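Student: Below are the chains, spelled out letter by letter.
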Amino acid sequence: MKLRWKIKQPLFKYWAVVPTILILVVLTLYPVLQLVRMSVSDIEYVEGQMEWTFVGMKNLRTMLKDSVVPVAIKNTLTYVILVVFIESFLGLILAFLVNQVKRFATAFRAILMLPLLIPPVAIGSIWRLLYDYNYGAINKILALVGLSGPAWLANPNLAFPAVVVVDIWHWTSFMFLIMLAGVTSIPVGLYEAARVDGASEFKVYWKIVMPLMSKTIIVGMMLRTIFAFKVFDQIYLLTSGGPGTTTEVISMYIYKVFFGQFRLGYGSLLALVLAIIMVIFVIVYRVTILKVGKEV
Amino acid sequence: MFTLLTSLKQLVDIITGSIVFNPTLANYKELFTGYRSNFSQLVTNSFVIGGLTVVIVLGFSSFAAYSLSRLGWHPLPREIILFWLLFVHMQPPIVFIGPFYLIARKIGIYDSILGVVMAHVVLNMPMAIWMLQGFFESVPKELEEAAAIDGCSQFRTFWQVILPITRPGIAATAMLVFIFSWKDFLFALTLTSTPKGMTIPVGISTFVQAYSIRYGEMSAASFIAIIPAILLVVFAQKHIVKGMTLGALKG
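Protein sequence lines, in the order shown, are assigned to chains A and B. If you read the first sequence in the numbering used here, its first letter stands for residue 1, the second for the next number, and so on. If you read the second sequence in the numbering used here, its first letter stands for residue 1, the second for the next number, and so on.
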């Protein structure tokens, strides 16, 4: 009995993990290595067979000459910065409000959580309809006050703000949930002490709550930044990167290179570059989390 | 609400923009029984893919998460595994699309349910392991010690003591995995080309065509697509916050 216990102890620890590691190796590590190999190749689909040709740095040179790449990078960065800051701000305000109105907190949280669980495609289609030039609710409301609304998604100046608005509608909830967790962990006594000392409501938040929230805010913003780089679904449905290249983001462009132009090799190089940039973000994030020791 | 209203309106209503509201289920009927429509198959696919993904992901990751969180791992290998999971979770899915497409083609699961399940397992595994770790860590150590003193093997401790008491957490994880599989668009879009393996989001996107958008059916389909999310929020709100804000955990 004792002997079996001793032998089994360490074994279970390993065989419980091994199948998962095998899956991760086959379905994530191998694909990443495959991606590296694809990025230095030309891949042609000939008579149902993939034909690989090693081309070395050719794809990289193509990327440096590709005029859409800088546009896509610029759009993605603008998009990420805008949504992260606006959503963090709104999320924080919402968290403060919900935290004060204790009575309906659960209901508010439930409603605010919903956008995160709805398929982004459904969100895209709802907003596509709202933005529609002829039948959309936004233009109908404008018509009621005598204004003729623009073609939101077809206008090069409006398309980008329009997709940013959809993202804010979609993801503010995420920042809200993180901020709410931070706010509720602050002891109520602190606010009360400050108020008793005669601090104005604004001062209570600015001088006392904000410093305590700073870790949560930083962690939340970093996380949101990483996720914002994934943006694809709504853009695909709303504008597909158009009009022109005004809403072209990195994921959208890679998709087009893969499945519009069937350039698997070149697309893989772009994907690899994106992955490398993201690794840097993830490392910075992980190190911050371990240092800050913040648990949300 | 707007979605629901629109989907109930007839296509004619939408085009004429008449404010007179005439509720009808015609869009839903067309969606499921129209001769051009294969929507019911997409619904079935979405359920089968979601279900299989849940079974595979939880089957593997509950063991892994328990071992990693409770069975005394050296910090280095544990951190390597956790970092890799975080890396996979945080990569834009487009990074995996190319290799997955080629793998699926090569082993003949392109345009089938299995191909999409493969991608969804990758999509969900990191989240599931991370979430489950949190639940296992909240179990008091004394329970395991008591089981060990009674001569219970580690496997039996896990199976008969730990699993039953973490059941609510596991159920919440399962539901979240299902939702994330249900709402995925990019993998389902790129790994399928016919209704054989397509899921609901891909179906919705096909209503948006170059010159005409079938708003009525699109809205009806979108409404069906958001039902699971509503159910989840109603029944498991408390448990899923952690999963959605994953990575903000110390781990």
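Just so you know, these hints were derived from the structure itself, not from any lab. These numbers come from a predicted model, not from an experiment. Watch out, some of these pointers could steer you wrong.
[To be verified] The following label-pair restraints were derived from C-beta to C-beta distances:
1) I276/A with R78/B: 19 to 27 Å
2) L163/B with Y133/A: 34 to 42 Å
3) R156/B with F89/A: 48 to 56 Å
4) A199/A with E137/B: 37 to 45 Å
5) G72/B with G260/A: 37 to 45 Å
6) R156/B with V26/A: 28 to 36 Å
7) V26/A with R167/B: 55 to 63 Å
8) I186/A with W159/B: 37 to 45 Å
9) G146/A with I230/B: 32 to 40 Å
Positions of the beta carbon are idealized from the N, C-alpha and C atoms, including for glycine.
Student: Just tell me: holds or violated, for the beta carbon distance of R156/B and V26/A against 28 to 36 Å?
Tutor: Once the Cβ atoms are compared, 30 Å apart, the range 28 to 36 Å for V26/A and R156/B holds.
Student: Measuring from beta carbon to beta carbon, are V26/A and R167/B in 55 to 63 Å?
Tutor: 30 Å, violated
Student: State, for the Cβ atoms of I276/A and R78/B, whether the hinted interval 19 to 27 Å holds or is violated.
Tutor: 25 Å, holds
Student: Is the gap between the beta carbons of L163/B and Y133/A within 34 to 42 Å?
Tutor: Taking Cβ atoms as reference, L163/B and Y133/A lie about 55 Å apart, which means the hint is violated.
Student: G72/B and G260/A, beta-carbon distance inside 37 to 45 Å?
Tutor: This hint is violated: roughly 51 Å between Cβ atoms.
Student: Indicate whether the distance between the beta carbons of R156/B and F89/A respects the range 48 to 56 Å.
Tutor: Between R156/B and F89/A, where Cβ atoms are some 51 Å apart, the hint holds.
Student: I want to verify a distance hint. Is the separation of the beta carbons of I186/A and W159/B within 37 to 45 Å?
Tutor: Holds - the Cβ-Cβ distance for I186/A and W159/B, about 40 Å, lies within 37 to 45 Å.
Student: Within 32 to 40 Å or not, the Cβ separation of G146/A and I230/B?
Tutor: 37 Å, holds
Student: May I ask you to test the hint 37 to 45 Å on the CB atoms belonging to A199/A and E137/B?
Tutor: Roughly 38 Å apart at Cβ, these two residues keep to the hinted range, so it holds.
Violated hints, in rising order: 2, 5 and 7; the structure is consistent with all others.
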